[in-house]
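Engineer: Protein chains in written order, with the numbering used here: chain A, 1 to 292; chain B, 1 to 469.
Hints are computed from structural coordinates only; laboratory data are not their basis. Since we're looking at a predicted model, the values are computed, not measured. We put the CB at the ideal spot given by N, CA and C, even for glycine. It is possible that part of the hints are untrue.
[As the list claims (entries may be wrong)] If you want the footprint, here are the derived chain B segments under chain A, 3+ residues with CB under 8 Å:
# : region
1 : 336-348
2 : 358-366
[To be verified] Straight line, CA to CA, 27 Å or less: simulated DSSO-like cross-link-like pairs of lysine-lysine:
#  : chain 1 : residue 1 : chain 2 : residue 2
3  : B       : Lys93     : A       : Lys122
4  : A       : Lys140    : B       : Lys361
5  : B       : Lys93     : B       : Lys200
6  : B       : Lys62     : B       : Lys204
7  : B       : Lys171    : B       : Lys184
8  : B       : Lys183    : B       : Lys200
9  : B       : Lys361    : A       : Lys133
10 : B       : Lys361    : A       : Lys152
11 : B       : Lys204    : B       : Lys93
12 : A       : Lys29     : A       : Lys51
13 : B       : Lys204    : B       : Lys118
14 : B       : Lys171    : B       : Lys215
15 : A       : Lys269    : A       : Lys11
16 : B       : Lys166    : B       : Lys200
17 : B       : Lys139    : B       : Lys240
18 : A       : Lys121    : B       : Lys93
19 : B       : Lys240    : B       : Lys204
20 : B       : Lys361    : A       : Lys153
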Amino acid sequence: MSQIIDLPDYKEQSPEVASYFKDLKNRSKVLEVNRAGRVFASPKGEIEALKDVSLDVYQREFMTVIGQSGCGKSTLIRILAGLETTTSGNVLLDGEQITGPGSDRGMVFQGYTLFPWLTVKKNVMFGLQVSGKAMAECEKDALQWIDLVGLKKFANAYPHELSGGMKQRVAIARALANRPRILLMDEPFGALDAQTRAQMQAYLLEIWHHIDVTILFITHDLEEAVYLSDRILVLGANPGHVQEIIEVPVERPRRPEQFITAEFLATKKRLENLIHVSAPEHIDTSKMLGMG
Amino acid sequence: MGSHQPPQPWFRVGTLLSEKRSGVLMICSFLLPILIYSFVAYCPIFWGHAYELTIAARPDDKVEFGATYTQGFSMEEDEFTRFQKAIRDDNEKLTALYQQGDEADFGMSPRAARSHNKRLLREFEPVLSRNGLFDISVKEEMETKPYYQLLYGAAYDTWGEIATGKEQLQKGSLSEENREIIKKNWALLSSVSETYDSGKLYSKPIYKLIPQGNKQVARASWFPAPHQIIRRGWEDLTGKSELGDLNVPTRYLQSLKIVFFGFFVACLIGLPLALLAGTFSFFSRLIEPFTDFFRYMPAPAFSTILVVIFDIYDQPKIALVVLGTLPHLILMVANTTRMVDQPLLDAAQTLGARRGTLISKVIVPGILPHLYNDLRILLGWAWTWLVIAELIGAKSGLTEIIDTQGRRFHFDHVYPVILLIGITGFVTDQILASFRTVLFPYAASEKKGILSFAFAMVHKLFKSKKATS
Ligand SMILES: Nc1ncnc2c1ncn2[C@@H]1O[C@H](COP(=O)(O)OP(=O)(O)OP(=O)(O)O)[C@@H](O)[C@H]1O
Ligand SMILES: [Mg+2]
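With the hints as constraints, model all of the structure from the sequences given.
Structural biologist: What follows is the structure, given as structure tokens:
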């Protein structure tokens, strides 16, 4: 027997969660986006990819951006990385306007972007070397980061010898090695199978727990968004605009069991409604009760 | 290993064959053309027969047989039969004359008869030298007259031995018919002297030897048989042939120099330009449109101009190779440079890399495996310009051999040179291709060439030996 259960309002927060957010918002703002817009010129006319997008990201926050395909998520994160420019509005990093790409904003891409001609170690050392650090120091640092992502044994392997998940771990290590203020991740686990993906999520939370870094994360996967984030920015389409910023009412530290808590499901439901996932979801309560 | 697997089909869409099978096919791909060529070359249906004279003769009928027939002369079958018949007729006429007794008119003075007889002795030379009874190489160290004295002596003695049945000639070097003729001749000759003496030579004409020849497939001159090509090629390569100053090894080095120097100069000019054009849109727009236009003007069209500018020796030839290769090099490498993964450039920028480091640490290493491939292909193009380049100004290199020998219809000299050019280009390319996997282990490997296949086989053998020891 199955029945539809009533979910609580996703805005309801337990006292712990409420105080967590209060604390979060007292921290300094790493990133401020003020009414950012982006218009692309194309042969068929102008495409407005982003319009009046404003958001703040706080120190050591884990923020996720979700939205339909083509709503401008990548455009937004590329603007933050400095790989793309705004056509209106501005972006401040620690209160200063950004002018181009820089090592203070690390980025992990959906596709594999390790340099295929460099070993894992050399890949991680890349940014350090560019910054002009001494060779020995670069190497020492790089090895520490590689160890942190659990790939010590593969330090001298070439990217083509690694699995997809391993490649992304190296990419994370490579980005973090520069000690960026914020780590930008554009669907980093999009190409991975479900199991690897779950592992990578755990890894990422683990790293985030250990390292003082702010993360802005793009995903298609609603559960992934709820599971990982403090706040979720839902980007509406045509043109890309901020639909809502949701504070995830799920307690930290996060564990996979929380996937079927009421708060989790309520948040997920809200996201579904926002981005129009049409298929209605029936929840098997017997399973839930069994979990007790 | 795999003993229970069902046999894989040989034909299957979109599936690669096993290493072993592709190896077999690769060998076949070379073997097949060689076999077809050999088949055509050796199969008489395509060509008919010919006789290469081993014993020449001179018929009295100078109208029908006007040429100078010497050893090695090649005749078609029916011509050869008529040729033999003409000599037999001559001999019959002579028999008739001898039967007339003393009043017979041989139509020549005793002096003319003696020189006629000497010539017949001389025509026996191929049989002598083939049987090791006479060494023609002494000709170079001797005056003409004593040399011929020696030759006549040797022939005379051998005829004597043949007549008395003491000689031991190799089988097939003398027909029974000719043996009988020699016996008749010896009866005449020995009536004057048992040994050769120019003063005591029989003064009436003796019988002519019937022409003999090796039966052969009569190929066209432009279709030499594989064994002829190989033999001639080997002789040419080792300097044992009559090519004289057209020495193949030195010519080969000349040609190599033109190709590689031309290619090197093209790289020197082209690579920086191409790299700039591939990296910066500015240079791309500035350089590429004209280059694109320029490559449609065939490089050989500039040959006379190049000769005026650079004189007739190596420079204009090198210039032509450069001219032929450079535009393609610029366009191809610029394109390759543009193909560097944009995400890699993005990633490098978020790691703090700026213009200079971006070029030196991302673009260049990123395109290197592709660049290597491009240059391999371009080197192949440089080879294709070689022959035209060497024809301009003073002919040089291997092309001069092809040109002069080809004009004389000595295609057995031409084919080895063409093959040499082909093999050199191919082997260079294959060696470079097999280095690619060593130099760029991370780059996706392309289809395997015959050489890298051979390397792999040797490697496997070596490995299995190591494992067993
Ligand atoms: N360089 C560009 N030139 C023109 N239009 C562009 C460019 N980049 C993006 N766009 C347009 O901007 C819109 C947003 O694209 P974007 O890649 O940011 O979407 P996205 O949300 O990341 O999609 P996805 O989830 O599929 O990755 C799209 O309509 C796209 O066509
Ligand atoms: Mg995207």
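Engineer: May I ask which of the numbered hints given earlier this structure violates, with the numbers listed in increasing order?
Structural biologist: As far as the earlier hints go, 3, 18, 19 are violated by this structure, in ascending order.
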